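S.K.: Chain by chain, the residues run as shown.
There are 2 protein chains.
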Amino acid sequence: MTVSGLVQFDDWVDLYASRVETMRTSAVRDLFAAASRSDIISLSGGMPDIRCLPLEEVGQVAAAAIVQEGVAGLQYGDTQGRVQTKELVCELMKDWDIDVTPDDLTITTGAQQALDLLGKTFINSGDIIITEAPTYLGALQAFSAYQPDVHVIPMDDDGMRMDLLEEELKRIGKRTAKFIYTIPTFHNPAGVTMSLERRIRLVELAKEYDTMIIEDDPYGRLRFDGEPLPTLRSMDDRVVYLGTISKVFAPGLRTGWVIAPLPIRQKINMVKQGSDLCGSALNQVICEHYFASMPWREILDGVCVKYRERRDAMLSALEEFFPAEASWTRPQGGFFVWVTLPEYLDTPQMLSAALEKGVTFVPGDGCYPGGSGMGKNCMRIAFCYEEPEMLREAIRRLATVIDERLALYRAFIQAGALKA
Amino acid sequence: MTVSGLVQFDDWVDLYASRVETMRTSAVRDLFAAASRSDIISLSGGMPDIRCLPLEEVGQVAAAAIVQEGVAGLQYGDTQGRVQTKELVCELMKDWDIDVTPDDLTITTGAQQALDLLGKTFINSGDIIITEAPTYLGALQAFSAYQPDVHVIPMDDDGMRMDLLEEELKRIGKRTAKFIYTIPTFHNPAGVTMSLERRIRLVELAKEYDTMIIEDDPYGRLRFDGEPLPTLRSMDDRVVYLGTISKVFAPGLRTGWVIAPLPIRQKINMVKQGSDLCGSALNQVICEHYFASMPWREILDGVCVKYRERRDAMLSALEEFFPAEASWTRPQGGFFVWVTLPEYLDTPQMLSAALEKGVTFVPGDGCYPGGSGMGKNCMRIAFCYEEPEMLREAIRRLATVIDERLALYRAFIQAGALKA
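Chains as they are written, first to last, in the numbering used here: chain A, 185 to 604; chain B, 185 to 604.
Everything labelled a hint here was simulated from the structure, so no lab data went into it. Source: prediction; values computed, not measured. A couple of the hints might just be wrong.
Stated by the list, open to error - Some chain B residues flagged as far from chain A (calculated, every beta-carbon gap over 10 Å):
#: 1; residue: W280
#: 2; residue: D300
#: 3; residue: A476
#: 4; residue: K541
#: 5; residue: M558
Said to hold, decoys possible - Here chain B is said to cover these stretches of chain A; the calculated rule only asks that three of the stretch's residues, wherever they fall, bring their Cβ under 8 Å from a Cβ of chain B:
#: 6; region: 203-210
#: 7; region: 236-243
#: 8; region: 247-258
#: 9; region: 448-457
#: 10; region: 509-522
Beta carbons: idealized from backbone N, C-alpha and C, even for Gly.
Model the full assembly from the supplied sequences, consistent with the hints where possible.
M.R.: So, in structure tokens, the structure goes:
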């Protein structure tokens with residue numbers, strides 16, 4: 185039965201909350217459908233190479249998990265996550281030199297949910313938070329729902345510039361920034377890693393200016409060269425640390441965690457009740473069985489060999505194809521290279537041309553707070569998912585898009601239409 | 185390496201966002217650990233009886249899903265959910281007399297996430313929203329993060345009182361309430377169902393006063409007696425409808441959905457990007473395979489026979505053991521009975537005594553907006569999870585707790601310490 189013509193809103197616009205006005209969609213997410221098209225080579229998604237997993241065996245692990253623990257796994261679970269999953273995470277964290285107990289952490293729907301929960305717990309509209317520039321666009325999205333005033337600190341090849349952070353903290357004063365959000369290792373999107381010296385300094389500055397550090401570490405275990413550096417959390421128990429199995433096992437299980445002091449975790453758990461009641465117990469049970477019964481380090485090391493080859497292929501192709509005006513970072517691990525083009529080029533505008541040529545990337549402006557206008561001449565390109573020869577082809581295509589823009593710019597200059 | 189003694193907050197209190205101050209933890213969630221203790225009979229959780237599922241076969245379904253579709257299922261997925269899962273939901277919705285296409289819906293982490301996303305999308309601090317009284321405590325939790333002004337409309341055995349709703353809408357004026365949130369069928373916690381006449385009137389009033397309806401329908405398929413009533417969504421395309429597989433398959437997969445007009449869904453999808461990037465593709469793939477390859481209606485009908493027996497056992501036990509001063513609802517489906525005790529009794533205070541006697545319930549005050557003081561003489565008791573003889577024992581234990589309080593009250597009256 186239908187009662188027709190009811191509820192005739194002219195539009196919904198004035199019904200939306202104000203926070204929605206300043207939020208932006210993510211290019212990575214918007215490109216997700218395009219990225220899975222067979223005619224496109226995707227440099228946009230930070231997708232781990234799931235094709236390296238032994239699917240037959242993972243299927244058997246899942247079946248065993250359901251038969252043995254389905255009554256719990258298919259039911260609602262604890263809001264904080266299963267104790268057994270927390271115990272697994274404590275074991276995993278030893279590989280990251282972090283020594284914690286199940287009481288120190290909450291399991292989340294990927295680390296992304298932890299970002300949302302932290303935003304919800306800490307940010308009032310107008311509160312200052314500090315991030316690197318550029319920073320993870322998903323973090324900006326999560327935080328933006330709570331309308332913070334995002335102050336950004338530039339980076340160089342050694343990560344966040346501590347001289348500039350100190351200057352900023354001095355300017356705004358003690359206990360003013362709600363937190364400093366950082367991805368110290370194999371930065372997304374910048375591909376750089378914070379030096380040991382700066383890690384020590386960051387922890388000191390957070391103490392001196394009485395603010396919190398949120399360390400986001402999805403890629404820490406994916407090192408191809410050089411020596412591991414200590415996590416910030418291993419240097420200070422009060423650092424809030426975000427981890428995930430997305431890059432060491434699979435993102436499809438949406439299993440991450442947040443390590444935080446108890447008072448903070450109590451708030452996060454309360455906030456999480458309203459957000460989802462609880463995460464998927466089934467995914468947690470499958471994770472427990474996977475890490476307990478499969479040679480996960482061996483599998484991961486095998487994937488890292490591939491990631492390393494791909495990084496090398498991408499860096500070679502950049503040398504081969506990209507114009508002299510471009511510069512880029514040289515990551516020792518993780519998934520991403522950050523490319524900086526001349527300031528007069530606009531990567532958001534290049535995206536449709538790139539799609540036409542069958543390649544995607546993430547325009548840099550999304551990695552800066554909305555409306556800042558920064559990053560428009562930059563792009564994030566991911567080497568994690570495509571084979572070396574495809575990466576070479578993708579970079580070749582992307583170079584043609586850039587070259588066309590450069591040529592257009594030069595023609596304008598010659599015509600006197602623009603000042604050099 | 186540890187740099188000791190860094191970041192010495194005296195406390196974190198003044199760092200939290202103001203929204204955290206007014207949020208409350210859920211008794212259901214807080215009782216979750218207690219509810220799984222073997223010495224406790226739980227009447228607190230709305231847990232479907234997962235023990236009725238054929239775990240061996242569900243395990244095989246999951247294994248096949250991973251082997252056949254693991255490359256997608258273990259990867260990041262579309263923020264809105266997999267197209268195949270949406271197609272499955274469209275098929276399921278036909279059982280609810282709702283005719284939709286994949287373009288009409290977004291897959292969420294349980295319907296709970298949809299509540300959070302709707303709150304995030306629509307509620308500014310201080311905005312009026314309307315709910316039934318009592319209402320689903322998880323909805324209050326989700327919305328409370330956005331600090332609405334919750335106006336409540338009393339119910340009777342035919343659901344929300346439309347005369348009182350009309351009065352309230354007239355008082356606050358057109359297009360003032362952001363939305364009317366309702367659980368018309370087998371209400372949580374009240375156990376009542378909105379009559380057809382009131383459904384029609386609700387849709388009319390929403391039109392007349394230009395506000396939105398959110399229909400939350402987790403239990404609609406679990407009818408034991410009487411004839412099905414049309415969903416509000418089937419009566420008006422602009423009703424926002426929330427569904428879930430939690431009660432027709434399993435909550436451990438955290439798979440729900442929101443059906444909404446396109447402009448609203450676009451906002452929800454953007455908001456969802458920041459909240460979790462995407463839900464679990466693995467859980468979605470397993471759902472698709474479960475509903476495609478298992479006789480789910482047959483399994484569900486079998487579970488409903490059990491639920492019906494349990495409801496009957498609970499109602500009989502209430503007649504047998506509860507004092508004359510108590511009254512309760514008689515649900516035709518769903519999971520819950522709502523008990524009203526004399527106003528001088530306080531159910532939140534009874535909870536610890538009940539736990540000592542080995543039984544849990546949900547105190548009624550959590551089902552009303554915080555600080556309202558309403559519902560303190562009420563309790564929600566769930567009949568879904570325990571066998572009839574256990575339910576009888578649980579009600580017997582609960583009756584002794586109530587009887588003790590009543591005796592105490594009478595003694596006070598006799599002693600002249602309280603006025604009758």
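S.K.: Now tell me, hint by hint, if it's right for this structure.
M.R.: Going through the hints against the structure:
1. Every CB of chain A is more than 10 Å from the CB of W280/B (nearest about 13 Å), matching its label as outside the interface.
2. The claim that D300/B is not at the interface with chain A is violated, since a C-beta of that chain comes within 10 Å of its own (minimum 5 Å).
3. For A476/B, the non-interface assignment is confirmed: its Cβ lies about 17 Å from the closest Cβ of chain A, beyond the 10 Å cut-off.
4. Against the 10 Å criterion, K541/B stays outside the reach of chain A, whose nearest CB is about 24 Å from its own CB.
5. At roughly 20 Å from the closest C-beta of chain A, the C-beta of M558/B stays outside 10 Å, upholding its exclusion from the interface.
6. Evaluation of the coverage hint for the region 203-210 of chain A: fulfilled, as 6 residues show C-beta separations to chain B shorter than 8 Å, against a requirement of three.
7. With a cut-off of 8 Å between beta carbons, the region 236-243 of chain A has 5 residues touching chain B; three or more are needed, and the interface restraint holds.
8. Only residues whose C-beta sits within less than 8 Å of a C-beta in chain B count toward coverage, and the region 247-258 of chain A has 10 of them, enough to reach three; the restraint holds.
9. Counting residues of the region 448-457 of chain A whose beta carbon lies closer than 8 Å to any beta carbon of chain B gives 6, which reaches the threshold of three, so the coverage claim holds.
10. Against chain B, the region 509-522 of chain A contributes 0 residues with a C-beta closer than 8 Å to a partner C-beta. That does not satisfy the three-residue criterion, and the hint is violated.
Hints 2, 10 from the earlier list are contradicted by this structure; the remaining hints agree with it.
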